[in-house]
Amino acid sequence: MKKIIPLIVFVILSCSSPKTIVAGNDVADTDKGVGDTRTKQVEMLDNNTYLLTETSDDKTYGYDKSNPIKVGGVHDNTGPLNERRFLNALFGPNDRKMMYFRAGSCCPFKTPNGFINNSGMLDRYRLTEIGSKDTLDIYINMYDTGDLKIPFGLRAKEKK
Numbered sequence: 209m210k211k212i213i214p215l216i217v218f219v220i221l222s223c224s225s226p227k228t229i230v231a232g233n234d235v236a237d238t239d240k241g242v243g244d245t246r247t248k249q250v251e252m253l254d255n256n257t258y259l260l261t262e263t264s265d266d267k268t269y270g271y272d273k274s275n276p277i278k279v280g281g282v283h284d285n286t287g288p289l290n291e292r293r294f295l296n297a298l299f300g301p302n303d304r305k306m307m308y309f310r311a312g313s314c315c316p317f318k319t320p321n322g323f324i325n326n327s328g329m330l331d332r333y334r335l336t337e338i339g340s341k342d343t344l345d346i347y348i349n350m351y352d353t354g355d356l357k358i359p360f361g362l363r364a365k366e367k368k
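Counting along the sequence shown from 1, when you hit position 153 you're at 361 in this note's numbering, and nothing is skipped either side.
Do not take every clue at face value.
[Stated by the list, open to error] Cross-link-like lysine to any residue pairs, in silico, SDA-like; alpha carbons within 20 Å at most:
1) K368 x L253
2) K273 x R332
3) K267 x D345
4) K365 x G339
[What the hints assert, rightly or not] Here are the in silico distance ranges between beta carbons for each label pair:
5) S327 x D266: 23 to 29 Å
6) T247 x D342: 30 to 36 Å
7) N302 x N326: 39 to 45 Å
Derived by calculation from the structure, the hints in this document are not laboratory data.
Glycine included, every Cβ here is placed at the ideal spot set by N, Cα and C.
The task is simple: from the sequences and hints, build the whole structure.
What follows is the structure, encoded as structure tokens:
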């Protein structure tokens, strides 16, 4: 029973929805913690979509649990929103909109930004390009921040 209570608290905290949404939120300034590696300010297309301009040349970025996309937000309760902001920016390889759903949490890892014993869990999302039956998994870390890039083989929405 003693082990279950911290797990329940961890799940509740990691699944909570954001309390406030600030238009043009400068994520680079709001989620500074030890171990964060973001060097570039994050721009927004709108309140629910990041502007992603750089494609990763690392084929494991986002696709491998050892190299997740670091959207941050755990300190100000915007982690789930930041995950959606990232995913909303993506288009498939055929320039079609992507559908996604959260397939669950997985892959515990150590982070100084974790709530319990300096640990966090990645969120795994399943993505499908509209009109396709192919799916892919993307791993996202809402505990730490890093420079946001377009995963290899995908595209992103552009500023109008």
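Against the structure, the hints:
no. : hint                    : in the structure
1   : K368 x L253             : 9 Å, holds
2   : K273 x R332             : 9 Å, holds
3   : K267 x D345             : 13 Å, holds
4   : K365 x G339             : 18 Å, holds
5   : S327 x D266: 23 to 29 Å : 25 Å, holds
6   : T247 x D342: 30 to 36 Å : 33 Å, holds
7   : N302 x N326: 39 to 45 Å : 41 Å, holds
Comparing the model with each earlier hint shows no violations; every hint is respected.
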